[in-house]
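Start from the sequences, fold in the hints, and give me the full structure.
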Amino acid sequence: RYLHSCGILMGSPSLSPVLMRKTNICPVMSPVPARTFLSKLPFGDKRKDYAERHLVGYSKEQMYAIVANVESYREFVPWCKRSRVTFRRPGFMRADLQVGFPPLVESYSSTVTLVEPHIVRATCTDGRLFNHLETEWRFGRGAPGHPESCTIEFSISFEFRSLLHSQMASMFFDEVVKQMVTAFLRRAAKMYGPQRGLPSGFVMDSVHQP
Numbered sequence: 001r002y003l004h005s006c007g008i009l010m011g012s013p014s015l016s017p018v019l020m021r022k023t024n025i026c027p028v029m030s031p032v033p034a035r036t037f038l039s040k041l042p043f044g045d046k047r048k049d050y051a052e053r054h055l056v057g058y059s060k061e062q063m064y065a066i067v068a069n070v071e072s073y074r075e076f077v078p079w080c081k082r083s084r085v086t087f088r089r090p091g092f093m094r095a096d097l098q099v100g101f102p103p104l105v106e107s108y109s110s111t112v113t114l115v116e117p118h119i120v121r122a123t124c125t126d127g128r129l130f131n132h133l134e135t136e137w138r139f140g141r142g143a144p145g146h147p148e149s150c151t152i153e154f155s156i157s158f159e160f161r162s163l164l165h166s167q168m169a170s171m172f173f174d175e176v177v178k179q180m181v182t183a184f185l186r187r188a189a190k191m192y193g194p195q196r197g198l199p200s201g202f203v204m205d206s207v208h209q210p
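Residue numbering for the sequence shown follows the UniProt record's numbering, beginning at 1 and increasing consecutively.
Errors might be hidden in some of the hints.
[Stated by the list, open to error] Here are the in silico distance ranges between beta carbons for each label pair:
| # | residue 1 | residue 2 | range |
| --- | --- | --- | --- |
| 1 | Met191 | Arg128 | 30 to 36 Å |
| 2 | Glu61 | Arg88 | 16 to 22 Å |
| 3 | Pro147 | Asn69 | 18 to 24 Å |
No wet-lab data here; the hints were simulated from the structure.
Since the structure is predicted, the reported quantities are computational estimates derived from the model, not experimental observations.
Virtual Cβ for every residue (Gly too), placed ideally from N, Cα, C.
The structure is reproduced here in structure tokens:
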């Protein structure tokens with residue numbers, strides 16, 4: 001995710017203009033398409049960046065609490081097999097994670113910085129899969145007059161360590177990245193119930209993929 005989500009840093013990329021659209025679908029959102037971007041990665045490519053932004057019917061405090069609970073990732077984050085916090089102090093933690101997408105299973109460590117209830121960032125500090133993996137979640141003001149909503153920004157920057165990993169892991173990231181935000185929103189629905197606090201019938205989405 002990441003990562004997501006299973007790792008979580010990068011300077012926020014510039015996002016494409018926000019798209020507002022009328023819809024009758026409940027805003028437990030469909031993910032912004034990522035398959036085209038990731039499935040066309042040339043093996044051995046350098047660093048890749050991807051970002052999404054959405055307006056959702058949960059408060060930033062609620063979404064922050066879910067993303068900051070790294071130990072629970074194994075319960076709902078796509079392909080996350082293990083998530084364990086090994087060190088914790090206010091505003092900082094270290095975590096060990098394992099991701100598995102047959103036949104690939106890899107473990108790595110992340111350092112996570114937190115600014116409650118606004119930011120969760122993490123960067124991979126070791127592991128055989130990545131030269132570089134940084135992710136960031138930001139939670140901002142929601143719709144005017146709707147305090148139970150917030151804007152979430154999810155971004156990920158990554159680079160695979162080897163050609164072999166690139167061949168397998170590009171498919172893995174295709175599956176993980178495109179599901180990441182939706183996985184966290186489903187977790188929010190399980191914890192807090194259906195989305196609310198949004199103007200009726202509107203969803204805001206944007207995507208950045210250079």
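Hint by hint, here is what the structure shows:
1. The beta-carbon spacing between Met191 and Arg128, approximately 34 Å, falls within the hinted interval of 30 to 36 Å.
2. With their beta carbons about 19 Å apart, Glu61 and Arg88 fall inside the hinted range of 16 to 22 Å.
3. One distance hint, 18 to 24 Å for the beta-carbon pair Pro147 and Asn69, holds here, with the actual separation near 22 Å.
Violation of the numbered hints given earlier is absent; every hint is satisfied by the structure.
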